[in-house]
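**Student:** Listed below, chain by chain, are the residues.
2 protein chains.
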Amino acid sequence: MTKDTCLLIFMISFLTCIHAQEPIDYVNPFIGTSNFGATNPGAIAPRGMASVSPFNVAGPKNLPLEKDSQWLSTPYVNENTFLTGFSHVNLSGVGCPDLGVILTMPTTGDLNTNHLEYGTTYKNEVAKPGYYSVELDKYNIKTEVTAATRVGISKYSFPKGKANILINLGLGLTNEEGASVKVVSSTEIEGMRNVGAFCYYKPEESYPVYFVAKFSKPADEFGIWKKTKKYDGVEGQWMAYNGKTRLYKNYKKEVIGDSIGSYFTYKFDQPTQVEVKIGVSYVSIENARKNLEEETKKLSFDTIYKNTASQWNELLSKIEVEGGTEDDKTIFYTALYHTLIHPNTLNDVNGEYPTMGKRKTAITKGTRFTVFSFWDTYRNLHSLMSLIYPKQQSDMVKSMLNIYDESGWLPKWELNATETTTMVGDPAGIVLADTYLRGIQDFDIEKAYEAMRKSATQLENNPLRPGVKDYIEKGYLTTKTTKSGSVSTTQEYNITDFAIAQLAIKLGKKEDYKLFSKRAISYRKLFDKEFNLLRPKNDDGSWYAPFNPNQGANFEKNLGFIEGNSWQYTFMVSHDTKALMKLMGGKKKYVAKLDEVFDKKQFDMANEPDIAYPYLYNYAKGYEWKTQQRVTNLINEYFTNKPAGLPGNDDTGTMSAWLIYSMMGIYPVSPADPFYTITTPRFDKITIHLDRRYYKNETLVIEKNGKGKLNSYIVKGKNNKSFFISHETLTNASKIQFNLE
Amino acid sequence: MTKDTCLLIFMISFLTCIHAQEPIDYVNPFIGTSNFGATNPGAIAPRGMASVSPFNVAGPKNLPLEKDSQWLSTPYVNENTFLTGFSHVNLSGVGCPDLGVILTMPTTGDLNTNHLEYGTTYKNEVAKPGYYSVELDKYNIKTEVTAATRVGISKYSFPKGKANILINLGLGLTNEEGASVKVVSSTEIEGMRNVGAFCYYKPEESYPVYFVAKFSKPADEFGIWKKTKKYDGVEGQWMAYNGKTRLYKNYKKEVIGDSIGSYFTYKFDQPTQVEVKIGVSYVSIENARKNLEEETKKLSFDTIYKNTASQWNELLSKIEVEGGTEDDKTIFYTALYHTLIHPNTLNDVNGEYPTMGKRKTAITKGTRFTVFSFWDTYRNLHSLMSLIYPKQQSDMVKSMLNIYDESGWLPKWELNATETTTMVGDPAGIVLADTYLRGIQDFDIEKAYEAMRKSATQLENNPLRPGVKDYIEKGYLTTKTTKSGSVSTTQEYNITDFAIAQLAIKLGKKEDYKLFSKRAISYRKLFDKEFNLLRPKNDDGSWYAPFNPNQGANFEKNLGFIEGNSWQYTFMVSHDTKALMKLMGGKKKYVAKLDEVFDKKQFDMANEPDIAYPYLYNYAKGYEWKTQQRVTNLINEYFTNKPAGLPGNDDTGTMSAWLIYSMMGIYPVSPADPFYTITTPRFDKITIHLDRRYYKNETLVIEKNGKGKLNSYIVKGKNNKSFFISHETLTNASKIQFNLE
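Chains as they are written, first to last, in the working numbering: chain A, 1 to 741; chain B, 1 to 741.
It should be emphasised that the hints constitute simulated quantities derived from the structure, not laboratory data. Only a predicted model underlies this, so the values are computations on that prediction, with no experimental measurement involved. Don't take every hint at face value.
[Said to hold, decoys possible] Estimated spans, in silico, between C-beta atoms of each pair:
(1) B:Asn548 to A:Lys244: 33 to 43 Å
(2) B:Glu79 to A:Lys244: 25 to 35 Å
(3) A:Glu286 to B:Arg692: 50 to 60 Å
(4) B:Glu117 to A:Ile363: 41 to 51 Å
(5) A:Lys267 to B:Lys297: 53 to 63 Å
[Unchecked claim] Think about it this way: if two alpha-carbon atoms lie no more than 30 Å apart in a straight line, the pair counts; the simulated DSSO-like pairs of lysine-lysine are:
(6) B:Lys358 to A:Lys252
(7) A:Lys182 to B:Lys290
(8) A:Lys230 to B:Lys61
(9) B:Lys360 to A:Lys217
(10) B:Lys227 to A:Lys182
(11) B:Lys244 to A:Lys358
(12) A:Lys252 to B:Lys227
(13) B:Lys217 to A:Lys358
(14) B:Lys253 to A:Lys227
(15) B:Lys454 to A:Lys252
(16) B:Lys365 to A:Lys253
(17) A:Lys244 to B:Lys483
[To be verified] Output of the computed footprint for chain B on chain A, the stretches with three or more beta carbons under 8 Å from beta carbons of chain B:
(18) 197-204
(19) 245-253
For every residue, glycine included, the Cβ atom is placed at its ideal position computed from N, Cα and C.
So here's chain A without its partners, still in its complex pose (with noise of 0.2 Å):
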């Protein structure tokens, strides 16, 4: 080895060592990407509208993760190997298929415009937060993909010869279909694409997402395609295109259809690249055109993927860490990643944005964030954005608001500006609760309170509540008020009831702090002493039989519980954990009923009712050890730094935040509640940047001292053997250290 070799080898060594010290570079864009996790390894700027995934679930050769042979709601699954094109709108860790639409796809030689056989297998996939890159084995085309907010940007590099750029608006991961589409010149092409009726609960909840793609050559050829009907008889032989794909060739009129796509055709002397950019609107073609040119005009791709890279950067680095595996880390800023995709942004550059329900045409002031899955992230992911990101939650809050101006309810489960119902509960009020209580309170708190107690208090009509009625006049829900889930959904307002007591209290309204409190632990009536759990009741007040508190695991449909069974329902009353202790015979019984639920496998990971049971040991003194054990243990099984390294679907973020808070040793346990409860923290220092504009410190240090045990913390010098501390002390404090044994 010369000097000059050493030099390099040094360089170099260093160089990466400096370089890797960013926490994006942490990031690994491929967790998820198996085992239903449901995340994409696609690039997309923070909280960006449009996305640019690769798309492999379409076709036979992708079989058993085939979109529409199973249920599947993403548009990428890592063990698939067969690729059809790159879809432009995506959602990330959801439980029905959406979006994954507006598809691009480079190819050489001659147009082929049938997916199944256009589509190719491929290597080298690289993915940052960003970016994202593949090489087409079929076509030797190495793809690079990045993003702007509103714009997804590609970068094909072709060999020499024939080249084609599809954009496929027949295929999608929605089962929606129609789509419209326009060359408007050799260089652009616009259109629209069905999408929505998430879940297929609303039909008619479906709507158009616009596109302009511009390119950075102009075709030499271009056209459209459409797939026709097929007829039989005279005319039928008569049609050269029956039943087949027919060409518009070089056509520059509009064509509208269910399974249509445009091509740009190249012949190039020489390897060439091209680049398209897609700029995206949920409003208009107009609007999608400024998206695209606001946000990319005259900026080359590694430009735009320098300042997306950037944004993720500086987002990441909210959170700094010290110690741990370079896994730990990766996992970690992987989900710190996830949490920040979605809710996402839904208004166009200049403040445009469809409405509630009506999707007329509004203006927002600051962003305007859609896909709130509620029932999921009011959980853990809104106090965590409160915590790190609050100047976006205060934003997502408003967007709240208006959706309540807008259509007179709060948003359950939002999506682009629909109202998709899905999942049980009135979770929406949790969430403003808890982030007003935790500090964040710059928007309209009497609007949020009227909103959520109309949800709370309307007997007809009210689509946040049904069986509200049965829920107050008795306490709960019946096995006759829903068709699934009278317990649970009964524990759920039970929660948003608490929510509404706590935020009453501090607004002064005491009359509705009785109110609600009351309500909010009138679960009660439904523990059932023979099993010591939740069980569901009849509408006359009776037990429902026969009665097996295991049916309803792996999502199996049941009358008592949603999404589970009360094994993972009953303990999810933290607002009310001691009651419950008291109902179950005490302390001993309690943690043994919490025991069993572990170790008769009951335990989910994957689905959110149940999360917050590792750290309900927390509430019996002297079992506290186990909270910290099972924390860890569920992180080390469930959590790695591979594809399959989500326990199932990170539900826009949640199984990412339950990570997030469980690594840095503290969980908001019960929403609307604005404290934590500790476990031991996975790393030796962590170090929150705060928001000045909420927050009077500039940081927060979590420290770790010692190895074992976790026993007590310090905060400004005290020593507090307590397991809980409240989020006002945690963040005036500039300093929290962890005593281990």
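Following the hints, position chain B against chain A.
**Tutor:** Quick look at chain B alone, frame taken from chain A:
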């Protein structure tokens, strides 16, 4: 019978009698609705863009005359019985299925969006110019429809109870698919529907027709329906609407797709009438709305109908007839009615229209006409327009020149600003020359000449004259030049070159006159003495063999002749009849050969190439009686006051124009040669009200004297033994008297 009853009967008879004198009352729009006449009895204004036709060609209940099971190019067939709606843009007398879309349908009871189920039998059809009514058996709904130029208007008389008005955008006569629709309010719907690609030659010649529908009563409920694709597997099971028609109830956003529609639903306490006005446009939804508002705003159904009827009556009254039977008058005025449907209006009320091919929005001063089926209409329809409606003909010619400006070429078979390139030849120039030579000269004749000359002389990339190189070099197309019709295409080019020559000499272009006069007779090289018929030649100049002159009848495909055989084409050289006579060996042999065509049943009254044949006896002195006999017999045989009362497809009025001329006793036997040949008029007296902007006389009277053979005519007091009269002489005479034995 009382005196009063007597008086009443007398009064009614008297009024009926008075009333029956109006030409409009002689129109029977059912003529041509059977025997593949391809006309429809729907309501239309003269040269209207919109029309409202009953649609009874869908579904197995209409077999065998069902639109998809056989070649059917009309929305209505008289013998069918199952009605599935009323289409709002329609073609009359064309050979390929197009338009026949934007289908309305009134129903009662529960909403059903499947036309195979909501269709019904019907009774009591009434059709008059601008009006059609029918009673729907299944629903007990009387439907009346009328039309303004760009608006279709329907009046539904609903019984008490639940009622629905559907607008089906999936169903249509065209094989095109794709539509969008949006409920604007409870009284308005807007949208578009793809049509085009006429005869399936050019998949890319597809384009939208836009519409706005306004309802006189607000809907109690409304919505959209869409047929969805069927998914297998678990997702399919979850989708309640999988593979079914899904409803978007009270939905006010745009829906797009191949099989969609919208519905308005009412609950009536008592029998109620609802009027629906549908404005259409080929430019935009906004223009469709303008068309609707400007033409029909605030006007009731009855007023609109009265206006349209009065327009019809005014136009039809340009020719008055006396004598003849009631049926004679009926077939005559119905034929005149049919010549006033196409060409029709393309531009909107604000003058906007889509330009040829490119479909850019431009503005016209006069009417921009469309639907130019020149291979058919150059033979007689346009000279009839020059005689009776010269201002319309002038605007048609100007539209042709605009098309030349817009696309670089004259139209051939133009349809809604697309060039369908259906049929052969280069017929536009014949129309331009014929019009000019008949004295309609208020257009840019130099541009017209330039355009004609271009298609006659451009050797490469000439869309109007494929095979033009062979044609100029050899004098004819060969069996190698074309896949079909080498002889007939040569003949068509000859006729156009004859037209150019005639115009050239008129414009003082002597060299061109010589050049094109010579070219115009090159068909002679295809005359085969062996058969005394025209015969295809091969590339090397040899005769195509084996040659069967019968081959090609009944539209059988063959190398030499398009839609016909040698018998049906050989005489189609009216401009050179004397020479053909000589080639055949003189007058007697010519007459014998012509007789043979009829005797051997090779004459086809339903197809254009030979429709002038019966008039060719006039060229053979002493045989003129045969013209009179044949024309009389052909009228009697093929033209009747019955649905099957046209010999076949009306060919956008060409068959009707043949009848009008033949019943008036004059026929423009040689296009671009401005004279008529004569035969016995069907009526005793015919009064043509000439347009003083183009003709110096107010009227031209054709009178018949005697009952036997026609021998001579008297003009300006001078007896004339000729069987020909120039257009100029005829129109300058205020009267021509036909002397019969």
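**Student:** Measure nothing beyond the straight line between the CA atoms of lysine 182 of chain A and lysine 290 of chain B; if it is 30 Å or shorter, mark the hint as holding.
**Tutor:** Roughly 25 Å between the alpha carbons, so the hint for lysine 182 of chain A and lysine 290 of chain B holds.
**Student:** That 41 to 51 Å hint for glutamate 117 of chain B and isoleucine 363 of chain A (C-beta), does it hold up?
**Tutor:** 46 Å Cβ-Cβ, so the 41 to 51 Å window holds.
**Student:** Under a C-beta cut-off of less than 8 Å, do 3 or more residues of the region 197-204 of chain A approach chain B closely enough to confirm the stated coverage?
**Tutor:** Result for this restraint: holds, n = 4.
**Student:** Quick check: the region 245-253 of chain A, covered by chain B? Criterion 3+ residues, Cβ under 8 Å.
**Tutor:** holds (count 8)
**Student:** Starting from lysine 227 of chain B, check that the Cα of lysine 182 of chain A is at most 30 Å away, please.
**Tutor:** holds, 24 Å
**Student:** Under the criterion that the straight-line Cα-Cα distance not exceed 30 Å, is the pair lysine 244 of chain A, lysine 483 of chain B satisfied?
**Tutor:** holds, 24 Å
**Student:** Regarding the pair lysine 253 of chain B and lysine 227 of chain A, is the alpha-carbon distance no greater than 30 Å?
**Tutor:** Holds. Lysine 253 of chain B to lysine 227 of chain A sits at ~25 Å (cutoff 30 Å).
**Student:** Take the C-alpha atoms of lysine 244 of chain B and lysine 358 of chain A, compute the straight-line distance between them, and say whether it is at most 30 Å.
**Tutor:** Answer holds: lysine 244 of chain B to lysine 358 of chain A is near 25 Å, not above 30 Å.
**Student:** Could you check the hint for me, namely that lysine 267 of chain A and lysine 297 of chain B are 53 to 63 Å apart, CB to CB?
**Tutor:** 54 Å Cβ-Cβ, so the 53 to 63 Å window holds.
**Student:** Keeping to a limit of 30 Å between CA atoms, is the pair of lysine 252 of chain A and lysine 227 of chain B held or broken?
**Tutor:** OK: lysine 252 of chain A and lysine 227 of chain B at ~28 Å, within 30 Å.
**Student:** Does the hinted range 50 to 60 Å hold for glutamate 286 of chain A and arginine 692 of chain B at CB?
**Tutor:** holds, 52 Å
**Student:** Next pair to validate is lysine 454 of chain B with lysine 252 of chain A; report whether the Cα-Cα distance is within 30 Å.
**Tutor:** holds, 26 Å
No hint from the list above goes unmet by this structure.
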